[in-house]
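Sequences listed follow chains A and B, in order. Okay, so the first sequence: first residue is 2 according to my numbering, each after it adds one. Okay, so the second sequence: first residue is 230 according to my numbering, each after it adds one.
It is possible that part of the hints are untrue.
[What the hints assert, rightly or not] Here are the in silico distance ranges between beta carbons for each label pair: (1) A:E22 x B:G270: 50 to 58 Å; (2) B:E402 x A:G41: 46 to 54 Å; (3) A:R17 x B:F266: 52 to 60 Å; (4) A:G21 x B:V490: 22 to 30 Å.
Hint data in this document are derived by calculation from the structure and do not stem from the laboratory. Please read all numbers here as calculations on a predicted model, not as lab measurements. Yeah, the Cβ is synthetic: ideal placement off N, Cα and C, and Gly gets one too.
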Amino acid sequence: VIPEILEALRQPRTARDLAGELGLPLGVVEDVLRLLAGRGYVRAAGIDCHACSVRALCQGSGEKVWCLAPGAWRTGSPAPGPGPAPPA
Amino acid sequence: VGNPNTGKSTLINALSGADLQVGNWSGTTVERMEAHFSCGGRRVTLVDLPGTYSLSATTPEEALARRELLEQRPDVVLDVVDAGNLERNLYLTLELTELGHPLVVVLNLVDEAAEKGITLDAAALERELGVPVVATVASRGQGLAEVAARALHPALPGPQVSYPPLIEEAVGELARSLEVPHRRWLALAALAEEEVEVPEAARPVLEKWRHRLREAGVDAFLEIAEARYRRARDLARAAAGEARGGHGLTERLDSLVLHPVLGVPVFLAGFFVVFRFTYLFSDPWVEFAGAVQEVLAGWIGALGLPRLVRSFLAEGLVGGLGTVLAFTPVLFFLYLALSFLESSGFLARMAFLADRVMKSVGLPGRGFLPLLLGFGCNVPALYATRTLEGFHDRLRVAMAIPFMACSARMTVFALFAAVFFPRQADLVVFGLYLGGLSLGLLTAMLLSHLTPPSVTSGVMELPPYRMPTAAVLLRLARLRTMDFVRGAGGVILAAVLVVWLLLNVPPGDLSQSLYGRLAGALGFLFRPLGIEDWRLVGALVPGFVAKEVVVGTLGVSYLGSQAGTALGLNEGLQALGQALVAALQGTLNAFPAMVGLPQLVSAPPEVPGGLPGALSASVSPAGALAYMTFVLLYTPCVATMAAQAREFGRRWAAASAAWQLTLAWLAGLLVYQVGSRL
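Isolated chain A (complex conformation):
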């Protein structure tokens, strides 16, 4: 679960995008992101509304876009389990 999420976050994504791409329940992805953000592995990069055609009318909050936190991943620390190692 976590290696896949970290790998996918090489490109900024919303929790919903991650859940769709990885076939995980949205709630699980949100929890993992909360956990990782709490320890400084990932951070919210902004709110994703730019692609929405009704953004001027929208009352929604948009969705947080998540990305890897720069420098937060410890040097030499591989991602857990079978997932590929993230960049240092």
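Add chain B to chain A, keeping to what the hints say.
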């Protein structure tokens, strides 16, 4: 214990008959609550903890849940799991198995899981976990007897998660040096570098293993979390079938309710229905309560008591306190409707929809929930701002909260709207609520130019839609109405006593009494607003203490000048019987009236008497609307001012009160000047 919004408080209420606060959103329970009941001849204490996703304690509520589990050593832990979100919920379950407490898993909300097409195998989960697993629908009482029975025979769970060999080795050695029952969990948390207290004696072992893991390039935190998530996934697959495709109820409703364009009109319509429901169903019972009040005053008049005692009982107690209590049906039906919005999940979505509007006026999106709470009572709403980050975010929301029409102000609106705008009462009150909200947001917007920008994240979690049972709604409405009666009772009684005393010093013409002259002296301020009657002006003064007092004071001062008619016992009973029949007819008529159909039973024509009659003769409809506007916007109550002073300092509280008074007067002036020309 369990994830947020899984029905923990509902389960405890259902098991014990307690009245813990329940709601369909994350974070309804923010403190430790207890309830008691007897089970199998034993007295059982149930402890309700705030919802938490893990034992990592990233919020104060999660820290409270963790502290309770670690320090209080419960006899048994009931882990309430949302059956429709098994994989997510089982992460916490796995942590709980590592704590070493006897455990029972309550697989709640199985009805919602079934609606999603998820087939559950509680027995398979029980086999995998090695602890009792009970499927329940707590809100409908399903499975409760089994929970109670199996909680008396819980099982001690064994290790559930296999961690990588190096971590297992580290946990083994570290756990042996820890002399606490939850040693496996503590060893894991310490290796993951969570904030936990490790005994001095175990520190060298811990440091040794942390060093070894770092040397080996192992990130213990990630490895431990990953192992738990994988095990949670395996367990969920073993216990729950795949949900069938297609969109569930929540997705289908959200496509309409959260629609970018239709969302706001849908919610405005929803709130209008709330007010229409409140008026149509409460009006017959307000009339009935008014009739009870008149009969009581009549009976007191027939007792042959000394004039002063009779005056106090009939005009002071029955006229003042009785007038406020007469409006409790309005509050009951309002709370009933709001409880439905809250429990069903619509209220949380309103906060979600308001996010963009909130941000445009410099408020954090999450600040809308305290604003919504302000419609019930401003004081807890002010304390709810503590959930926001940053002093200035909190301040902006707190300055907007006093403009939210609390339920105490509803009694004034209900009285005046029924007297002056009987056909559009629901629309008038709806407009006042929206007006208060708009001016609150305007206040925040003005303040955002003076204070630094928002720092609070706007992201919030949406609960699923749920159909609350009638029993839950009635219980919530009853509890909140009783809270109002209990909370307001003392203040109203004291204010009514003072007002009655001032009205009778010196005895005789009330307008020449101390109260009449004091109120008359303030009259010049309210003449431009079309409010000339000294009794209307006078009621605004004790209204500073609490808005519940306004109607009571009006009752004392208006009814004090009317000679009550003495009633015999039979006459009174006959009048009460007629009033009851009329109330029942009115309730029957309310059902078709909700959808604009003709009445089922022809209602008798209404003849305004008592306070409504006296009021209608003392002010014009435009003046009445200005009066309601002033009541909506001026300082809500002493308790709100005190809460503002405590949270933000006296200067901000004083500035807020001054702004409210200014805005109330200006808005009242505008309403009267425009209204009287239409």
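Here is what the structure says about each hint:
no.: 1; hint: A:E22 x B:G270: 50 to 58 Å; verdict: holds (55 Å)
no.: 2; hint: B:E402 x A:G41: 46 to 54 Å; verdict: violated (28 Å)
no.: 3; hint: A:R17 x B:F266: 52 to 60 Å; verdict: violated (42 Å)
no.: 4; hint: A:G21 x B:V490: 22 to 30 Å; verdict: holds (25 Å)
The structure is inconsistent with the numbered hints 2 and 3, although it conforms to all the rest.
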